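Enquirer: Based on the hints, put chain V in the right spot on chain Y.
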Amino acid sequence: MTDVATTKTPGRFGRLYQGLTTIDFVGRRKVWFSVSIAIIVIGLCSLGIRGFNLGIDFKGGSSWEVQATHSSVSAMTTAVTNAGLNQPVVEKLGSSTYQVSANINNLSQGAQVAETTKVVNAMATAAGVSPVQVSTASVGPTWGGQVTNRAIEALLAFFVAVVAYISFRFEPKMALAAFIAMLHDLLVTVGVYSIFGFQITPDTVIAILTILGYSLYDTVVVFDRVRDNTGGILKTGTMTYAEMVNLSMNQTLARSINTSLVAILPVLSVLLVGADLLGATTLQNYGLALFVGLVSGAYSSIFIASPLLAMMKEREPRFKELAARVASKGEHKAFSAASAALLGSEGLQRVSGVTNAAGAQRPDGSVITPRPRKQKRR
Amino acid sequence: MATPVGTKRQLLTSLILSLVIAFGSLGTTLVLGWGPKLGLDLAGGLSVVYKPATTATASQMQEVVNILNARVNGLGVSGATVQLQGKNVVVQAPGVKDARAVLAAVGQTAQLFFRPVLCSAATGKKLTVVATGHLPACGAKYLESAANLAVTPNANIPAGFTMNSGILPDPKFSTIASTSPAADNPNSEVLLPGLGTTQRYVLGPAVLSGTAIGKAYASLDQTGAWVVAYTLTGAGSPKWDAVTKTYFHQQLAIELDGVVQSAPLILPANTTWTSYGGQGQISGSFTQATAKSLAVAMEFGALPVRLIPQTTQTVSPTLGHSALIAGLGAGLVGLALVLLYTIIYYRMLGLVILLGLIATAALLWAVISALGHTAIAPSFSLAGVTGLIVSIGITVDSYIVYFERLKDEARAGRSIRTSVDRGFKSAWRTVLAADFVSLLAAVLLYLISIGDVRGFAFFLGLSTLMDIFFTWYFTRPLVILLGRRSTQSDSALSMAAGLLTGGSND
Numbered sequence: 001m002t003d004v005a006t007t008k009t010p011g012r013f014g015r016l017y018q019g020l021t022t023i024d025f026v027g028r029r030k031v032w033f034s035v036s037i038a039i040i041v042i043g044l045c046s047l048g049i050r051g052f053n054l055g056i057d058f059k060g061g062s063s064w065e066v067q068a069t070h071s072s073v074s075a076m077t078t079a080v081t082n083a084g085l086n087q088p089v090v091e092k093l094g095s096s097t098y099q100v101s102a103n104i105n106n107l108s109q110g111a112q113v114a115e116t117t118k119v120v121n122a123m124a125t126a127a128g129v130s131p132v133q134v135s136t137a138s139v140g141p142t143w144g145g146q147v148t149n150r151a152i153e154a155l156l157a158f159f160v161a162v163v164a165y166i167s168f169r170f171e172p173k174m175a176l177a178a179f180i181a182m183l184h185d186l187l188v189t190v191g192v193y194s195i196f197g198f199q200i201t202p203d204t205v206i207a208i209l210t211i212l213g214y215s216l217y218d219t220v221v222v223f224d225r226v227r228d229n230t231g232g233i234l235k236t237g238t239m240t241y242a243e244m245v246n247l248s249m250n251q252t253l254a255r256s257i258n259t260s261l262v263a264i265l266p267v268l269s270v271l272l273v274g275a276d277l278l279g280a281t282t283l284q285n286y287g288l289a290l291f292v293g294l295v296s297g298a299y300s301s302i303f304i305a306s307p308l309l310a311m312m313k314e315r316e317p318r319f320k321e322l323a324a325r326v327a328s329k330g331e332h333k334a335f336s337a338a339s340a341a342l343l344g345s346e347g348l349q350r351v352s353g354v355t356n357a358a359g360a361q362r363p364d365g366s367v368i369t370p371r372p373r374k375q376k377r378r
Numbered sequence: 001m002a003t004p005v006g007t008k009r010q011l012l013t014s015l016i017l018s019l020v021i022a023f024g025s026l027g028t029t030l031v032l033g034w035g036p037k038l039g040l041d042l043a044g045g046l047s048v049v050y051k052p053a054t055t056a057t058a059s060q061m062q063e064v065v066n067i068l069n070a071r072v073n074g075l076g077v078s079g080a081t082v083q084l085q086g087k088n089v090v091v092q093a094p095g096v097k098d099a100r101a102v103l104a105a106v107g108q109t110a111q112l113f114f115r116p117v118l119c120s121a122a123t124g125k126k127l128t129v130v131a132t133g134h135l136p137a138c139g140a141k142y143l144e145s146a147a148n149l150a151v152t153p154n155a156n157i158p159a160g161f162t163m164n165s166g167i168l169p170d171p172k173f174s175t176i177a178s179t180s181p182a183a184d185n186p187n188s189e190v191l192l193p194g195l196g197t198t199q200r201y202v203l204g205p206a207v208l209s210g211t212a213i214g215k216a217y218a219s220l221d222q223t224g225a226w227v228v229a230y231t232l233t234g235a236g237s238p239k240w241d242a243v244t245k246t247y248f249h250q251q252l253a254i255e256l257d258g259v260v261q262s263a264p265l266i267l268p269a270n271t272t273w274t275s276y277g278g279q280g281q282i283s284g285s286f287t288q289a290t291a292k293s294l295a296v297a298m299e300f301g302a303l304p305v306r307l308i309p310q311t312t313q314t315v316s317p318t319l320g321h322s323a324l325i326a327g328l329g330a331g332l333v334g335l336a337l338v339l340l341y342t343i344i345y346y347r348m349l350g351l352v353i354l355l356g357l358i359a360t361a362a363l364l365w366a367v368i369s370a371l372g373h374t375a376i377a378p379s380f381s382l383a384g385v386t387g388l389i390v391s392i393g394i395t396v397d398s399y400i401v402y403f404e405r406l407k408d409e410a411r412a413g414r415s416i417r418t419s420v421d422r423g424f425k426s427a428w429r430t431v432l433a434a435d436f437v438s439l440l441a442a443v444l445l446y447l448i449s450i451g452d453v454r455g456f457a458f459f460l461g462l463s464t465l466m467d468i469f470f471t472w473y474f475t476r477p478l479v480i481l482l483g484r485r486s487t488q489s490d491s492a493l494s495m496a497a498g499l500l501t502g503g504s505n506d
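Protein chains in written order, with our numbering: chain Y, 1 to 378; chain V, 1 to 506.
The following block holds chain Y by itself, in its conformation from the complex:
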């Protein structure tokens, strides 16, 4: 990274680092949208055909967990079948945790307690530990419904509150774009869960709610910059709304990537360190949904929300007219050069000064070196 810091012609990374990238986010929206639509359609198809792999919290049922260093899935299965479980599902989680799940909700309350005790004892014997070491969970048939309903209520309330907030703080079109981006993340996550057959647990639901919050958080940061930059464009008339969105996106790209990395690194660590090495299933459930969602969230705030916003805004008469004005001046072709110069709201006055700076080394003028620093006041 040090070489990047000293060289005067930044490479791909240096441009990103300095906010000088010139990716046409709005113009290539068809590509971005197609990728998302493809993933969502595949996910929805899978959902239609295979449905979800719902955990016991949604279906109702019981599960038992024990840590056993010297045991096997087949030994556990034999043990719990002998204890009277019908078609138990036995899984090995992490390095030494065995999970047995089965549905015994058809038994009476008393019989369930008795059966649970039998299974606990059988598993403890198989694992060579005391029965106290066996964890149990049992879920009645209606509990999952309650959890889901509450989650959906929370989701709807969240949607309403967020759309209201962004409409108020920014503007309704931004709220709509942010909302669609959130919906995108929801569909992608849900689709991925169905495609890979990951189990849906209440933890997954929590994770999805978090993702939506996070995706939105990311979008708000980007839109904040868009709002800043587009404040005066009707007056100056040098850039169209779409171009300004592009510029804002390129300016915040380093932040978006950094933020996403910073958010994804801990989640990746949850997924790999927490869940795989140490075998904590709850962590795995969170980690997986968060990972899928964060990637999707980072993608959607950059590639979905902003192009959508630009599309919607370009339809407004005043911005249509602005686009026509800019086109007649032919200045929009200078997009890449301008993007480097337009820094902050006062950047416009500097355009000529910066583009003429001797540091511009590429013939296409797409890379601009910073203006020489003023002597520091002492």
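I should point out that these hints are in silico values taken from the structure, not numbers from a laboratory. This structure is a prediction, so every number in the text was calculated from the model and none was measured. Hints should not be assumed to be uniformly reliable.
In silico contact screen, one side only, chain V against chain Y (beta carbon under 7 Å); selected entries [to be verified]:
{"hint": "1", "residue": "Asp-98"}
{"hint": "2", "residue": "Leu-319"}
{"hint": "3", "residue": "Leu-337"}
{"hint": "4", "residue": "Leu-445"}
A virtual CB, placed ideally from N, CA and C, is assigned to each residue, including glycine.
Expert: Showing chain V alone in chain Y's frame:
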């Protein structure tokens, strides 16, 4: 422009204060020995969610909570909580070793038993426990037998009968402790206290259980006195008749959870009765409240409504312990990765993030410990850990937003001195907007959702608030002060290197 910027003295004060608050509160909690209240999935333990079988009023549910609380506390489980969440009752007992034993005690539908009263027991000072089934027999003259009581109908007095009320408590029992609820076996003789009195009873084996009772309610009789009226179930009615014939004109105790609720005299109006006809009435010196509570006890057993377990979870301490290690391990590795990345990327400013995160973590730990100590907050569960891990991203992002703005400003040719002021102003607005969304999500989730989701939302919201606090009181003064001091040094750690402003050219 002047708003976020202060004089050097103001900035220094704010910086020092924020650090003093963070580390001071951490020190205080450590000195006081407070720690976070670990949730069930981390400490091991028991969690049950009950739903009432039928619609229950708020006061009934409150009564359920009180009764369950008494049961859990009666087991000597520390740190257990019984809470109403919406229409559900949530019982949590983190840290218990044998979670299923607690579950059995909490989850039992305490049975109501009818037991014949053999005699009253005197109470002395020194009490010894006698094993179940080894109580001494009542002395003959203390027996509350039909012969000793000698109930005689007498229509001329208001009560309608006369009886021998001079039978004394048997002094033999004065050194014997009452049978504990755990040892309370329906098939053996027991010595039980009366509800709300100092009186104790020696009771025979149970002759009937509460399932014989259909409905029970408090009502006023013709004389205006409170009575408990009850109906018997179809199966219970003949059994009741048989029992009352056996114990005719004797006392029949109504026992619940090892306490005699009432010990009424079996008293049909005339002596030539054949059946109660499926209903009866208990009279005595009832107030409206005591009549009501007896009626509730008779009809519902211990609880005013029947509870159906919705989800039950017991976690063994070892599994909980490994989950805690996994969560902490994951969090620390994640944090280390994030810090490594930001320090490589931002150099000196990365160190600001490091210090900021340490201060945030210190205050967060203190707040979580204090909340855990006061039992206001949800206990710190794996969901909470995840909330915190997620919040690492949100916290660090505030720094990133600010530093990227700084880079913008510096690239636009401004000195670092001006950039830090201008950059903060715009970054602060972004951070506020974005954190507000995060907070909104946390608050809504906390209010609406059930179960683990609440713990998650709580800790997410808490750390978001911390983020706002530290961005203003810590990051702002520190970075602005650093910016003002900044010389364009060639050090790889310098702020200029982090902002890539090519300071060496100056």
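Enquirer: State for each hint whether it applies.
Expert: Going down the list of hints, with the structure as the test:
no.	hint	verdict
1	Asp-98	holds (5 Å)
2	Leu-319	holds (5 Å)
3	Leu-337	holds (4 Å)
4	Leu-445	holds (5 Å)
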